[in-house]
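K.L.:
Go ahead and model the full structure; you've got the sequences and the hints to work with.
The sequence shown lines up with residues 565 to 1131 when you count with the numbering used here.
These are calculated hints, taken from the structure and not from any lab test.
Predicted model only: the values in this text are computed from it and were never measured.
Positions of the beta carbon are idealized from the N, C-alpha and C atoms, including for glycine.
A portion of the hints provided could be inaccurate.
Claimed, not checked - Cβ pair distances, simulated, as ranges: (1) Leu849 - Ile920: 27 to 33 angstroms; (2) Gly798 - Phe572: 50 to 56 angstroms; (3) Asp969 - Asn861: 55 to 61 angstroms; (4) Ala586 - Thr792: 34 to 40 angstroms; (5) Leu875 - Asp938: 33 to 39 angstroms; (6) Phe781 - Lys1050: 24 to 30 angstroms; (7) Ser1073 - Leu645: 43 to 49 angstroms; (8) Asp969 - Glu794: 28 to 34 angstroms; (9) Ala586 - Lys1050: 47 to 53 angstroms; (10) Asp969 - Asp673: 53 to 59 angstroms; (11) Lys911 - Gly611: 57 to 63 angstroms.
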Amino acid sequence: MRFSRKYFGILFLFVFSVIPYANTLTNSFVWDDHDFIVDRYEIRDIGNVAKYFTQDVYGIYRPLREILYHYAYSSSGNSPLYYHLMAILFHASVVILAFLVIRKLFGYDIAFFASLIFAVHPLHIERVTNMTASFDILGIILFLLSFFFYISYREKADKKMLVFSIVTFALSLLASEEALTLPFLVILYEFVFGRDGHAGYYKAIPHFALLAGFVIFRTFVLGIGARTQEYPGGSFFVTFLTMPKIIIEYLLLVFFPFGLTPFRKVEYVNSFGIWFVLPVIAILLCFYLVYKYRKNNALVFFSGWFVIALLPFLNILPLQKIIAERYMYVASLALIALISCLILKFKKYSYQILGIVVTFFIILTLHNNSFWKDDFTLYSRGLSLNPEDVQANNNMGKFFFDMGDYETAFYYYNASIKTNPRYHKALVNMGVLQSKIGNYRESVNYFITAINVTPGSWLAYEKLGITYMRAGDNESARQMFLTAIKLNENYYSAYSKLAALYGNMGNYSLALAYIEKALEINPYYAEAHFNLGVLYELNGRMEEAKQFYINAAVLDPGNKAYQEKAR
565 MRFSRKYFGI
575 LFLFVFSVIP
585 YANTLTNSFV
595 WDDHDFIVDR
605 YEIRDIGNVA
615 KYFTQDVYGI
625 YRPLREILYH
635 YAYSSSGNSP
645 LYYHLMAILF
655 HASVVILAFL
665 VIRKLFGYDI
675 AFFASLIFAV
685 HPLHIERVTN
695 MTASFDILGI
705 ILFLLSFFFY
715 ISYREKADKK
725 MLVFSIVTFA
735 LSLLASEEAL
745 TLPFLVILYE
755 FVFGRDGHAG
765 YYKAIPHFAL
775 LAGFVIFRTF
785 VLGIGARTQE
795 YPGGSFFVTF
805 LTMPKIIIEY
815 LLLVFFPFGL
825 TPFRKVEYVN
835 SFGIWFVLPV
845 IAILLCFYLV
855 YKYRKNNALV
865 FFSGWFVIAL
875 LPFLNILPLQ
885 KIIAERYMYV
895 ASLALIALIS
905 CLILKFKKYS
915 YQILGIVVTF
925 FIILTLHNNS
935 FWKDDFTLYS
945 RGLSLNPEDV
955 QANNNMGKFF
965 FDMGDYETAF
975 YYYNASIKTN
985 PRYHKALVNM
995 GVLQSKIGNY
1005 RESVNYFITA
1015 INVTPGSWLA
1025 YEKLGITYMR
1035 AGDNESARQM
1045 FLTAIKLNEN
1055 YYSAYSKLAA
1065 LYGNMGNYSL
1075 ALAYIEKALE
1085 INPYYAEAHF
1095 NLGVLYELNG
1105 RMEEAKQFYI
1115 NAAVLDPGNK
1125 AYQEKAR
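P.N.:
This is the structure:
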């Protein structure tokens, strides 16, 4: 009977992990999916796998995630349906593992209630519906699997389980930074459930040793540190003052998951005033209640889990955002488990309450998924809730720029820069727009401002070079392209632009050398294929030119110029 109940529960949880996200299967790639998936030429070539273990991607070191991207691309190309399906399966795996872990610690009922509510909770949309973030779930799967094996090791004294735990922990570190917290979760387990007193803490030594080795390897051998150097509040002090308020907001989002968007409005706290003091008092009160009822293992364990899971997102090291709903994915499970304990207190009505909560959350999740249908719906939702958000305005501007609506693009770029005159992406995008419409002086000013804000921006130097080239200042353009290449020797776009410049100047040998370098770095770069076609055509090699025009048209079917030349 117990066997069948367990597996019925797993099957039920799987089904209810799928239902809330079924309508995402028709959604497009959105937001940073374009950078990490759609336009990532590296994930298309199996030969790049070794590089994933020695290089970061936009400041992120998650080699197993990159391999997963490669597998997804190899299996489906750029099919959003396939990526969304994988995301749903990852989420279902987390739900089932959460059930198995909690069941080991607190029994079937709490595990089932907590996992079911977790499966359908709207707060997880940014983690599951956003395909880029969903692939980070691989690290969470391995994290939970490692913890499950550790619990099994402590229950049965089976050394094999300890080995499994260490191996899966090592793999989880290569998939997501959230796994860094596992050794602390092991300590928490020993504190709450350990039978060996202080000696039990030594059981965590292998995990801490592995963690230390990983941090040393990543930081000092590979040289990969924090993703950004600037705190979201502009300084550590302002970020520190604001974080207590953010923690309270996270708590409230678990109970009241409304107004969900990746572009949340944040009012930063600049002094030790009421908006710092009140959240701190609320947090201290929570700690006091946990201490007062410290004999309640569920309260102590899940409270500790919440704190530990949130540690990577407290901006001790700077993050790009001070708050993000996806940051709560693992931490929310702890609060949901505590809510489940409370629901189970209503013994006679517990399943009715569960049914109401689950039904409401499914409806809410399905509704919010629709905002992620495409870039326009996502950014519109963000701007409806937070009209001054610099990222949402910039992204909406890019959307309209790509559509050829430069007037509307200008409006949104300008709104972004007005809110934050130092927002690098909007400055660069505005420079590109001004260059496109022939306002070269304005364009140069925006690029110079962007470079002053971010001196190492090879993108800004390349775009500035394009403006100089359009204005007929070939020498300045050449210097800008060379500077971009100096800053990033693998920046294939700058090689392609430099090749076009030399081609225009009649220096075909140098043009050919640079265009071949661009294609060596990125064989899937449509512009380089097109430019090489132009180069061959100028030299009378029409057959070869035609082939490269066809290559460009295949790689970028939406480009009319490429299609026309390929005919």
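K.L.:
Each hint: holds or not?
P.N.:
Results of checking the hints against the structure:
{"no.": "1", "hint": "Leu849 - Ile920: 27 to 33 angstroms", "in the structure": "29 angstroms, holds"}
{"no.": "2", "hint": "Gly798 - Phe572: 50 to 56 angstroms", "in the structure": "53 angstroms, holds"}
{"no.": "3", "hint": "Asp969 - Asn861: 55 to 61 angstroms", "in the structure": "59 angstroms, holds"}
{"no.": "4", "hint": "Ala586 - Thr792: 34 to 40 angstroms", "in the structure": "35 angstroms, holds"}
{"no.": "5", "hint": "Leu875 - Asp938: 33 to 39 angstroms", "in the structure": "34 angstroms, holds"}
{"no.": "6", "hint": "Phe781 - Lys1050: 24 to 30 angstroms", "in the structure": "28 angstroms, holds"}
{"no.": "7", "hint": "Ser1073 - Leu645: 43 to 49 angstroms", "in the structure": "46 angstroms, holds"}
{"no.": "8", "hint": "Asp969 - Glu794: 28 to 34 angstroms", "in the structure": "32 angstroms, holds"}
{"no.": "9", "hint": "Ala586 - Lys1050: 47 to 53 angstroms", "in the structure": "49 angstroms, holds"}
{"no.": "10", "hint": "Asp969 - Asp673: 53 to 59 angstroms", "in the structure": "55 angstroms, holds"}
{"no.": "11", "hint": "Lys911 - Gly611: 57 to 63 angstroms", "in the structure": "60 angstroms, holds"}
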